[in-house]
Every structure is written in C-alpha cells, then in structure tokens.
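Asker: Given the coordinates of chain A, work out where chains B, C, D and E with the ligands should sit on it, guided by the hints.
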Amino acid sequence: MVAAARTSAPIANRQAVAALKARFAQQNWIFAGVLFALLALVPLLPVVEGWMATQAALVIIYILAAQGVSVLTGHTGLVTVGHGGFLAIGAYTSALMSHYLGADLLSGMICGGLMAALIGCLLGLIFLRLAGAFMAIGTLGFAFFIGTIVNNVPIFNGRTGFSLPPNNLFGVIDIGDFGFYYVCLVTLALMTLFMYSLVRSGVGRAFKALRDAEKAAQSSGVNRLFYRTLAFTISAFITGVAGALNGHIVSFVSAEVYADIWYSVDILVAAIVGGSAMLFGPFIGGVFIVMVPFFFEELADFSFILKGIVLIGVLMLAPAGVADVAARPFRAMRQRALAQAGGATAREHGRTGGSPGGAE
Amino acid sequence: MTQLRCENITVSFGGVVACNNISLEVPTGKIVGLIGPNGAGKTTLFNVLSRFQDHDSGHIYYRDQDIDRKKPHQMVELGMARTFQNINLFGEQSTLDNILIGAHHLIGNPFADMFSLPAARRTERSLVQRANEIAEMLHMQDELDTLVKNLPYGYRKRVELARALASQPELILLDEPVAGCNDEETDELRGIVQRLNRELGITIFLVEHDMSMVMNVCDYIYVINFGSNLADGTPAEVQANADVISAYLGEEHDDAA
Amino acid sequence: HASAANDPGVSAKEILICSYQPMTGKISSYFRMGKGADAWFKYVNDQGGINGRKIDYKMVDDKYEPARTMTVVKRFIERDKCFAIVSPLGSAPTAAVIDYITSKDVPLIGAGTGAEKNLTYPSKWVFPLYPSYFTEGQQLVRFAKEVFGAKTVALLYQNDPSGKTHIKGIESVLDKYGVKLVAQEGYEQKEVDVSAQVIAMKNANPDAVICSCAPEPAAKFYTERKKLGWNVPVVNVFFGKSPKVPELAGKDAVEGVYFSTIFRDFNSPAPQIQQAKELLKKYYPEEQPDAIHLWGFAGAQVFTEALRRMGPDNITRARLVETLESIQDWKGSVVPSVSIGHGNAPEHFIVKDMAWVVYKNGEFQDFKPPWGG
Amino acid sequence: MLGQQIMSGLATGSLYALTAVAVVVVFRNTRTINLAQGDFSMMGAFIAIILLKTYGLNYYATIVLCVLAIMALGVLTERLVMRPIADSDWLTLFTATLGVYYILHGVAGWIWGRDTKAFPVTFDPTPVHIFGTVVSHGHLINMGWAAAIGVVLYVFFKYTKQGIAMRAVTDDPETAKLMGIPVRFIVTLTWAMAGFLAAFIGILIAPIIYVAPEMMDEVLIKGYVAAVFGGLYSIPGAIIGALMIGVAENLAGGYLGSHYKTATAFAMIVVLLTFRPQGLFGIQKRREI
Amino acid sequence: MTLLRLENVVASYGAVRALQGISIDVQSGAIVALLGANGAGKSTTLKTISGMVRPASGFVEYDGQRLEGKTPNQIVRLGIAQIPEGRKIFKDLTVSENLRMGAYTRKDKAGIEQDQELVFVLFPILKERARQLGGSLSGGEQQMLAIGRGLMARPRLLLLDEPSLGLAPLLVADIFQALRRINKERGTTLLIVEQNAHVALKNANFGYVLQVGRVATEGTSEELQRNREVVESYMGTQQ
Ligand SMILES: Nc1ncnc2c1ncn2[C@@H]1O[C@H](COP(=O)(O)OP(=O)(O)OP(=O)(O)O)[C@@H](O)[C@H]1O
Ligand SMILES: Nc1ncnc2c1ncn2[C@@H]1O[C@H](COP(=O)(O)OP(=O)(O)OP(=O)(O)O)[C@@H](O)[C@H]1O
Ligand SMILES: [Mg+2]
Ligand SMILES: [Mg+2]
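From first to last, the protein sequence lines stand for chains A, B, C, D and E.
Numbered per my numbering, the first sequence spans residues 1 to 360.
Numbered per my numbering, the second sequence spans residues 1001 to 1257.
Numbered per my numbering, the third sequence spans residues 2001 to 2373.
Numbered per my numbering, the fourth sequence spans residues 3001 to 3289.
Numbered per my numbering, the fifth sequence spans residues 4001 to 4239.
Don't take each hint at face value.
Unchecked claim - The list that follows gives simulated cross-link-like pairs (lysine-lysine, DSS-like), each with its CA atoms no further than 30 Å apart:
(1) Lys1070(B) to Lys4091(E)
(2) Lys2190(C) to Lys3053(D)
(3) Lys1071(B) to Lys4091(E)
(4) Lys2251(C) to Lys3117(D)
Unchecked claim - Non-contacting residues of chain E with respect to chain D, defined by C-beta distances greater than 10 Å in every case (computed):
(5) Ser4028
(6) Arg4156
(7) Gln4177
(8) Glu4185
(9) Glu4223
Unchecked claim - Not everything, but these chain D residues come out facing chain C in the computed CB check (under 8 Å):
(10) Gln3004
(11) Gln3005
(12) Leu3015
(13) Gly3109
(14) Gly3113
(15) Ala3118
(16) Pro3127
(17) Tyr3210
(18) Asp3217
(19) Asn3250
(20) Gly3254
Since the hints were made in silico from the structure, they are not lab data.
Keep in mind the model is a prediction, meaning the values are calculated, not measured.
The beta carbon of each residue, even a glycine, is placed where N, CA and C say it ideally should be.
Isolated chain A, as found in the complex (with noise of 0.2 Å):
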C-alpha cells in the first residue's frame, strides 16, 4: 500500500523503459554526429575565407577553455575565476617549446596541456579545502600568481612576449587557417566524447556527488582528496591545451595578454551562460562570449554597456544556462515518452556551483 500510494502510473514497464533510454542515448550520438560532420565540411565551401577559420577556431578555443572549467564549475561544484591562469600555463609552455625547440603544434598542444594538468593537480591540493567563494578569490589568486611569474621571470620575456613561428603540424610548415580550425576542431571532438564519457563514469558521478553532498559522498567512499584533484587536473588539461591553441592561434605570447583577469572571467562566464553542468553549454557559452563582441565590436561606448544588457537578458531568459533552455522541448518530449512508456517522472536539471560561503 505505501508503494502503491504514491505511483498511479501502472507498474512500471522497465523494458520499455530502457529500450527508450537507449534509443536517446543513440539519438545524442546523432546529433552530435551531424554537429561535427557539418562544423568539418562548412569549410568546403567556395565562399568560406580564411578569416572565418580563424575566427571559427578562436570560438573553439572559448569553448575548451569553458569546457575546462565546465568539469571543476558545472560537474564538481567548485567555482574557478582562475582558469586563465591554466591558459597562460598551456600557451606559454607550447610557446616556449615551439620557439626553442621549433616543436611542432600537437605536442606543443600535448605538453601544453600536461603541464597545465600537473599544475592543476598541486592546485587541486593546495586547496583541498575551500569551497564557494573562498575557492573562488583562491582560484584568483592563483590566476595572478602566473601574472607576476609570467611578467618577471626572464624566460617569459615579460609584457614584451615573443613571436612563434608558423604553426606546423607533423613536419608539414604553416598549416594555415583552414589547417589549423581542423586541428581545433578535431581537438573539440576528443574532448567532448572524453566529457561524454567522464559525465556518465562513476568518475562523473563521484564529481556531481562532492558538488551535492560531501560528506555522504565521502561515506559511500568517495576519496575527496583524490577526486577533487582529479577534477582540477582534468580541467587543467582541457583548459591547459586550449591555451596552446589560443597561443598558436596568434603565433604570439606576452604577460600584457596573460597577467590579467579577464580571460579567467570570460571562460567563467562562458561556462555559465552556456550552462556549465551540461555537456553542451560550453559550445553555447563558447560561441556567446566570442560572437557577442563581434557584432558590438564597432559601437564603442556602447558595446560595453550593450554586452551588460545581453548578459544580464541571457542570464533571465536562462538562469541554469543556454543549454538548459534549449534542451527544455527536448527533454519535456522524452519525459513524456519515458512516462509513457511506463516511467516515472525523471527529471534532469542543470546546475553550477554549490553555496558561496562554504568552507569546511
């Protein structure tokens, strides 16, 4: 009687019910399939220029680095206004090494992002036990700690910066624009199916559970120490490669670029306003806080005050983020199908950051 009370839907035909969960999961698949097929053909055409590749992978750049802190921001609950800092590490590390040693862009892009994850990881350490706000002005902190080592120790060659030569790729020089969208947006590809499936591991749902309830996780095992400096690593690593790309994009690094907050903002705020629990968010927030510019770029006076309005609008018309407006039809069309079919009510939701003030 007590199970019964609450359940007026028949018994619930699980078959079925799987059978529909894996036919969406198959469905994203596709989409996400078609999604890339196009964003790699596009190019193709006659009229695309090379400027559009630049800028296409500029936008691709965003949507890494948000991703980056998509994992430690939107899965783990821990606010980063420092991932710049992760940036400065991935550009200067695959600028150092392509300037010196004329290494080639993947390992610059490798070693970027490996250098990126090792830092994350003594981050990750450093602060096993901040939370919300606390996390965040630490994360700042050590966003301007790369400032000051970028800007004054000599190797980095300060504000001045230097100049990479032509992006090459597997011996092949100046792989140009379209070349180097296509490693972008190769790059794009791993990451996401690596998200994919890290979102749904256990691995994932560890994450979501220190976000959610610390201390029931760390009774169901979950080792808080090790899990919260795998999230810091893995976003390092995402965020660490991007800044190679953003290095590369230019073929120039100087600290006037990464001593400064204001990548750390914008990859925050493109993790949010794409919705930074959700896989897709970071491409919504990625092409926000890069084509938003674009189109006030020319205003002067008034594009500062017209992306506060855009912002601001967003954030009402979407408050857990783009994505989740966006998916809304979709999912409200599977619930039903779900309930249909014999399921409860299943509901996802976005969501970002835990509380503000919590410390332990």
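Answerer: For chains B, C, D and E with the ligands alone, coordinates are given in the frame of chain A:
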C-alpha cells in the same frame, strides 16, 4: 567476534562534552541499538565510528583492527556503511544515481572508468543491475528515475538506506531510520532491517527514538545519557531499568511500544 | 579616376582604412587614440575628403586581446579589403599581428606602441609613431646629468615593456655620463598607491629622479613627493606629459618638474595644436584633450598628407610607402616637424626627436636643454 | 623607515577596508558577490563631481544627494537585475553583477568620457606627523570612517532585530518568510545599504585615487581579497584583513621589489586559505551531519 | 466557530499533483491532527495554508478571510505560525537569535521575554545552548528549537509539521502536554501533522486522514481511534 568496538571515546566541542568515555561493542551478525535522550551524543558517536569526527581520546576497533586514523572514505572499503540523521542526499540527482554512488568503491580503476573502457562498462551494468535489486527490496523501484529532492521525507530516508546497501557492507550504522515514518511504514522497515540481518548477514547498529522499532529488532541495546554509558542489556532488561525509564523512556513508554 | 590601378580598399568615392582599438576591456582609456584619429578623419571628410575621396575610418574593438586582434585584422584585410591600417593601439596586439599585416603588404601607420619588436620590425610597410623608449631613456640620463648636475638618480617605472625599455636605455649610458642609478622602483599599471616606492626611493637619497610614468601614477608620485616634503628634481617621460598631471596632483606638487615630450602642449599657441583641440571639442565634446588623442592625430595626419601628395589616381600601397618616405621636414601636423626616412621600420619614425618642457607657474613651458635638443 | 612603510600601508589598507566592508554586507545578506560594488562608488564619485563643479553645491549637500542617488541605483539594480533571477544559484547572480559592471562602466565612459578627472574637493594637503611618520589628511579621515562604519555595522548586525533578520534571510529565505520577515524588503534594503556605503566610499577615496570609469577596479579586487581574508562574514575581519593587506603589500613593495606588491596580497590569501579555509574570522564551524 | 477552512484545495509541484481537492475545517480553539502515509500531501497542505505553495484551485479561508494572493509574511501577521518539516532552523544564528526571529512580527517586549522563558522552561537544554549556533545542535535539540521558535510567535493558529520527529519518547509526551496547555490557556488553535498517530489522536479533538492527496477519512479522535482501517494503516501492529 566483534564487528565494531570502541573504548573510552571522549569528544568535546568547546565547552560541550558530547561523548564522555563511552565504550561499547557490536558483535558480528547482531542488531544492536543505541538509545538515549536528545543531545546524549549518539550522532556524535556515530560520526566518530564512521571517522567523520575525530575523538579526543579513546580507540575504535573494526574487527579488532585499530581504525583511529582511517579517513571517512576508507570505511566502506572496510565494509562499514552509514546513513545520516539529517538526510544527506544528492537532491538534484535521481534515486538511481544516489544508489549508484553508494557503490562507488566498486567501480574499479577510476581511469578505466573515466574513459568508459569496456571493462568499466561491464562493471557499470552490473552495478545498475544491483541498484535495481536493492530498490526492489526497499519497494521503491518506481522511483528510480525521480529526482530525490522531489521525494517525500519518508522515501528519502529509504534512499539513504539503499545507498548504504549498495556498497555491499558488512556493517551498517543507521541513524534514526524510521524518523518520519508512520507505524505501518515503520513495520515495513523493521522487516527490511531484519531481512538484511538474517538473509544477508549484515551487522546493524542503529540509533532510534521509535521504541516499537528498537525494542522489536535489537538483540542488544546500549543506553547513553549526557555522553556517558548509562545502561546496556537485552531489550527487556533495558526496558525494565529504572535509570533508563527516568532518563529516557518515561512512565508511559509501554503505551507507545 | 583610373580605378583599375588602385589597390584594394580604394573606390572612386571612398578609401577604407582600419584600426583596432581597446574600446572595452582593461585599458579602454587608451581608446582616446582612436578618437583622436577619428576626429581628424571626420574633419577631413567634412572638408570634402581628399582628392574627391572620403575616408572611411573603421575602428573595431579588440578588447586588447591579441587573439581577437588577429581575427579582427584578418577580417580587415581579407573580408573588408582595407587599404591601410592607421593609428591602431596596443603593444601586444600589434606585436601579435604585425607579421601577418606585413606579409599581406598592408601599410601599418602610426601604431600606438613602444614595444621593441614593433619599432624595429624589418619591413618597409611599418611606420612607427614615436621613438623607442630606449633612446628616450638615454636622453633622460643626459638630461639629469647636464640640467640637474646629478651624480645619482632614482627611477620610478611602470612594470611593462615601456618601463623596462627605459631601464635598458638608461643603463646603457650610465657609464658614459658617470651617473649612478641608486634605486629603481616599479609599479603595476593599475596600482592604487605608490607610496611604498616613493619612500624607498627617497631612502636612496638620489640627486635626481627619472619618472617613467603615465599621467595618473605620475600624479600620485608628485603627491607623495610633496607629502614627504622631498624636493628632488624630476624629469618625466613623454607619455606622462599631460594636463592631467597638475590637475590631479595639484599645481604646486608639479611645479618645476621637467618633461620630455613628442607633441607640443595643448597650451601651445601652434595652430596645429589649437586645431586639434577644436576638432576634439567638435567631434568628441566629452573628451578632455590629452596627449593620447594626439597620438591618433599624428598618424592620421601623416596619412592624409601622403594621400594628398599621391593625387587622385593610382592609389596603391606601394606608392603610399614611397610617398610617406618622401615627407621631409613637414610641419603641418601636431608633430612639430615630420621627416620620414627610407628603408624599413627603424627608419620610418613619424616622430624622431624629443623636446622638453618644464611645468612653471601653472603651465608647461618650452625648455631648451644646454645641448640644444 | 619601517614605521613609514607601515603607516603608508595602513593608509592604503583603509581604502580597501571601506570596500571590503561593503562587500561583506552585500555578501552576507544576498550571498552575492557583487562585482558592481566598485562601480557604484565610481558612479557616486562622478555624480559628486558634477554636483560640486557644475551645480556648485557645497560638500555636505553633495554627499547627501550623492548617497541618495546611489542608494537608488542599488535598489534599481536589485529590482531590475537581481530579483528576476533571485532563485538561481549564486554563480548566476555573480555573473549578473558582472553585467551590471559592464553597463555602469559603459554608461560612465559614454557620459563622462574615459579621462581621469580630479576630484574638486581635496583634503588639506599638509601632511600629518604621527609617531615620526607622515600621513595625509585624506587617509586619516578615511581610516576614521572605516573604523566608524565598521563599528556601526557590527552593532547593527549583532544586536538589532533588523540586523539579525538580514542574517536570517541569508541563512534560509524560505523559512524567514515563515517567520513573517519581509524577505523582499530586506533584500532591497541590503542593496540600498550597498549603495549607501558605495557612495560614501566613492566620495571619500576619489580625492586620493582620482575619478575614472575604472577607478575602482583594483580597489575592488583588493577589497574582495580583504573580505575573504577576514572570512567573508565578518565586518571587523574585513577591516583587519584590508589593513593587513595594505601593510603587507607596502612592506613587500619596499623590501622585496615593487613587482611583487600585487602578488603579495594574493600570496597572503592563498597561504591563509590553505591553512584556514574559512578565513581569519570565519564563521563558527557548524556541523553538517 | 470555524477558524480555518480549506475548500477543495488542489496544488501541484510541476507535473506532480500533490493535493487533489482537500477540504478541511478547523474549529477555533481545537487541536486537529492530520495523518497519512509518506507523500500523502500533509506537508503540502500546511504549505498551502502558510502561503508557501499556491493552490491551483480551491481556497483557504482564515477567520472569515480568504488568503488568496497573500504572501507568507502577510499570513504570519494574521496570526498563523508554522513549524516546518525538517526543522529548518537558522543554522548560522545562535539559539537565542533563532528564538528572537520567531517573534519577528511581535512588538510587545515583555510578552516576548515571557515566552522566551516559557520556551526555556520547556526545553532547558536550549537555555544552556543559548549562545551556540543553531546549526551545532543535535537533531532533537534542533527540533526543540524549531518548536520553541514557533511558540515565540504566540500565534492564534499554529501549524506543526511532525513536531515529534527525532525526539526522545519522554520528551514527546512532555511536548504534547505542553501543547495542550498552550491550547487551553491561550486558546491557540493547533493543526498537527504527525506520523505518530497514537500520540496525535490521543491529544487531538479531531483528525483527518489523507491518502494520495485526498481526505480519506475524518472524524473525532475517538471515532478515528475506533476505525479499523485507520488503526491498521497508521497505528501499526501493536504488541
Ligand atoms: N559542532 C558542535 N559544536 C557544539 N556543540 C555540539 C557540536 N556538535 C554536537 N554538539 C552538542 O553535542 C551534544 C551531542 O549531540 P549529538 O548530535 O551527538 O546528540 P544525539 O544523541 O544524536 O541527539 P539527538 O537524539 O537529538 O539526535 C549536543 O548537545 C550538541 O548540542
Ligand atoms: N518540491 C517538490 N517538487 C515535486 N514534488 C514534490 C515536492 N514536494 C513534494 N512533492 C510531492 O508531493 C507529494 C506530497 O508531498 P508531501 O511532502 O506533502 O507529503 P507528506 O504527506 O508530507 O509526506 P511525509 O510524511 O513523507 O512528509 C509527494 O508525492 C511528493 O513527492
Ligand atoms: Mg542524533
Ligand atoms: Mg511531510
């Protein structure tokens, strides 16, 4: 053999002494109860036993192994799971996910898991299978996809239990499992607890203020008051103990139980 | 017009030139440069343009982020087909795109940057605006030595390429003039307070101070100096020479301070300066005239002068470079005199010489150093 | 020498302190990190310049009008921006205040230009000598105000019914409603208070740091660091944190080299948070299980 | 005289229809118990009264006045206080500050003092813990604080959502005794949601049993205590 034993546990917060020299033991395969007035230190003791709270002095032994320095997350690997008095669940996630997180230590190598390697996928399937079985046992198979924050209070307590079970424990600490349940629901949970103990051989240590539960399922009961041991014995002994009656049960208790 | 012979960006009626500006972002106050250039082009257009063509001056926001600058400049050149890039702003942004711009044979005229790379770039397409901080640093030491008779100097500098290049220039001639650098204190671009630095400098007890500061920090320095009652002679670098300094710090705090300068002061009766002031007032009434506006004017004016000299036909980028190189001792702009050399960027400076002023009795007055600079 | 460095550090710290207090007030009562807090002050400073210069008002009348105007701005921000998204998580609110920051920056730049302006009323420039150190009148007045505001707010939150209600609203707005606490009104009041403090701060520090759209950026960041340093909930903590940061920065600038000045504040905060994740005066630890 | 009347109230959370038409009548000065299984809609019923949940249809009438469109804090000012489910004490406020917030709408200083004393007599531990943060209390102590805070409002109608949750047996008896006394001495009307049907019906005059969002049975407590179905479902198998 003793599953869990503690000796002379003392914990204080500033001026408040929450546990004062408490000693007790939970024999393997038994159901042991812990009762005492509000603020007696029961939850604090549970926190100590599950290593969420450091004790100022005393020792804890799990199967005679000293666990004074273990981390909370290591306890499930040893075979100890717990539930919380103030429900501690992942509200934004489904019941299924909440149960699965309980099985966290069974996912194997996190790096294989993270990349969804085939072995990891097999493990995941078996975990989901088990989660379904647990849900069925607790009569909540229809709520697997419901977000936990939308469940009524009594169900959330049950999800807590399900999560603890998912870790395949030898010992479960239950902090007020039937608070917020009516008598019929209490009966049902009592049945479940007894099944867990008899059929799966899980040792159970529970805190509860509902005497119909405590007196009917426990093999042995410890009573604490103001952080100190007050009495212990079989339910009948405890119920008859004058100290326990005056400090905790009250004269009318037989009316309620 | 024989438009067939014209290069991209030039039509019968118009000529498109572009620039990237930090309209938003961390140093948006430097967008003044773009406004200065724009005011000049608006004026030129109101006068009917040049040789029958109006100037379409397109300014785009790059937020001072080189990655964005790159996409912006690629669009300028590939999509918009702009003829030249005139009076853009930023060291890092320019350093990031200068390879690309020159590889497309597009002239880059009067960029607001003092970064070494941009000033010494081995390309004929680049026309730097003002002399390197290195040269200026050398002259500042000479000034301290010969005007103040200093044997020891202290330096306050901005912790960025401008300051660091100044240091290099200064250090290169210390021996030559027999001057010792007894303290060098840096500050960050947006630092709230420079008192720690000033105290440290005062402690070193130098005969004179070289202040490599932008207007706001310079003002803070003079305020602090006055507060400490420290009457050391000071010479300030050119980008700190602004009416802002006495306005912010108070006149008496700045009394007697020397400044190097590349543009004449807005108080100068020179008609070119007065005209610039008028134009700013007309097209950007909110702006308070500032040296950074003049940076924009300088590039824009030199560019329009070259365009005028090229005549209506055959407007090509190559000819633009040739024509620019032909400008000698031209006094028509806010720069007292423009002489552009032949060759690559290091020979192409629009402004070559430092001049000097001293702040006396509430205004900037010309000052002729002993060596007659 | 050391004395002078410390005194100058205290002077700088008092600039951060005022902002840090405002940060704590808004944070405690709305769980929002208000990025526009500095720009409220900036708007206040600009409005004050106009009132003083263009309308020739006297200093005190200016303060009153200016405070009213910025309080209105605070309330407007709450009504138009924060209230519609009040139910979102704090990160969304934080991002929205970034939007407000953009708008105020843009509006100020558009109306008043990007130039740095001098504040017409400056303090008596003759320095004051204390314990063999010099400090300007402006800074002294600042320190005095920081202390006074700190004390008043501390008492307000600790002992008055409305002050406690404000904290209750932060703790759990839903339950606060059940107590009959007018939650919306209290939130509005908080923003008015933020505006009040901001205007005051703007007028007090404008003579020292000059007036420009970005005048408060650096001060705000340091204000945050100070607030976090003090534990984010504690007003005395914020003030002490600010003074400590001011002093540490100045000492680092004087003895280590000035490029390490900015880094010092952050190095301090990182070290502190590593060992005391709840800040110096963090709230009493409460149990979670 | 009827103090509170719910007429055919329907309420839902998104797709979940928690109340499917509930009608309840609470006499002034009565103690009314609300029983039902987990998820029956008991808490939701209280929330619609206090204005936390808006009915989709039907209405709530209090003291002859419809509560439609009133905000929770207006409703509190009319004299309805709620002790919410799950304690919901202010964790970052001290015990005495929590109590003070319970009396937020009151102005009579003396009366507030007096009530605080009453709470301290009822729950002496709270007096000991007066300066400690609410969040540091044990579960049962928090429940006491929540009850105390509700009493501090000195309401005409007090809604209690599972007041005995997590309290020791001895204390449960004490609390109900105290509630009866308050009911008698002050005439405070009580609407109590309780899982412990025994205790509830023993102390109440009247009871409602909810089932899946509907009133399944109602009657005086004697009637309900005699009702077989009720006894079987909610009072468990007694030994
Ligand atoms: N962090 C803390 N700071 C101060 N006092 C505390 C803290 N944690 C617990 N206490 C006090 O310690 C005592 C024991 O609390 P505990 O939660 O263990 O009681 P309990 O026996 O579980 O009671 P209940 O049956 O009410 O849940 C209580 O009086 C409580 O106020
Ligand atoms: N916030 C919510 N969102 C969605 N559904 C909800 C929400 N709160 C309650 N419900 C649903 O409404 C129904 C009634 O819930 P309610 O909390 O009123 O039950 P209850 O009788 O108080 O149960 P309990 O005895 O467990 O407290 C349940 O099915 C529950 O799942
Ligand atoms: Mg307890
Ligand atoms: Mg309920």
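Asker: Now, for every hint given, state plainly whether the structure supports it.
Answerer: Verification of the supplied hints:
no., hint, verdict
1, Lys1070(B) to Lys4091(E), "29 Å, holds"
2, Lys2190(C) to Lys3053(D), "26 Å, holds"
3, Lys1071(B) to Lys4091(E), "26 Å, holds"
4, Lys2251(C) to Lys3117(D), "14 Å, holds"
5, Ser4028, "21 Å, holds"
6, Arg4156, "13 Å, holds"
7, Gln4177, "25 Å, holds"
8, Glu4185, "23 Å, holds"
9, Glu4223, "32 Å, holds"
10, Gln3004, "5 Å, holds"
11, Gln3005, "6 Å, holds"
12, Leu3015, "6 Å, holds"
13, Gly3109, "7 Å, holds"
14, Gly3113, "4 Å, holds"
15, Ala3118, "5 Å, holds"
16, Pro3127, "5 Å, holds"
17, Tyr3210, "5 Å, holds"
18, Asp3217, "6 Å, holds"
19, Asn3250, "4 Å, holds"
20, Gly3254, "5 Å, holds"
In this structure, every one of the numbered hints holds.
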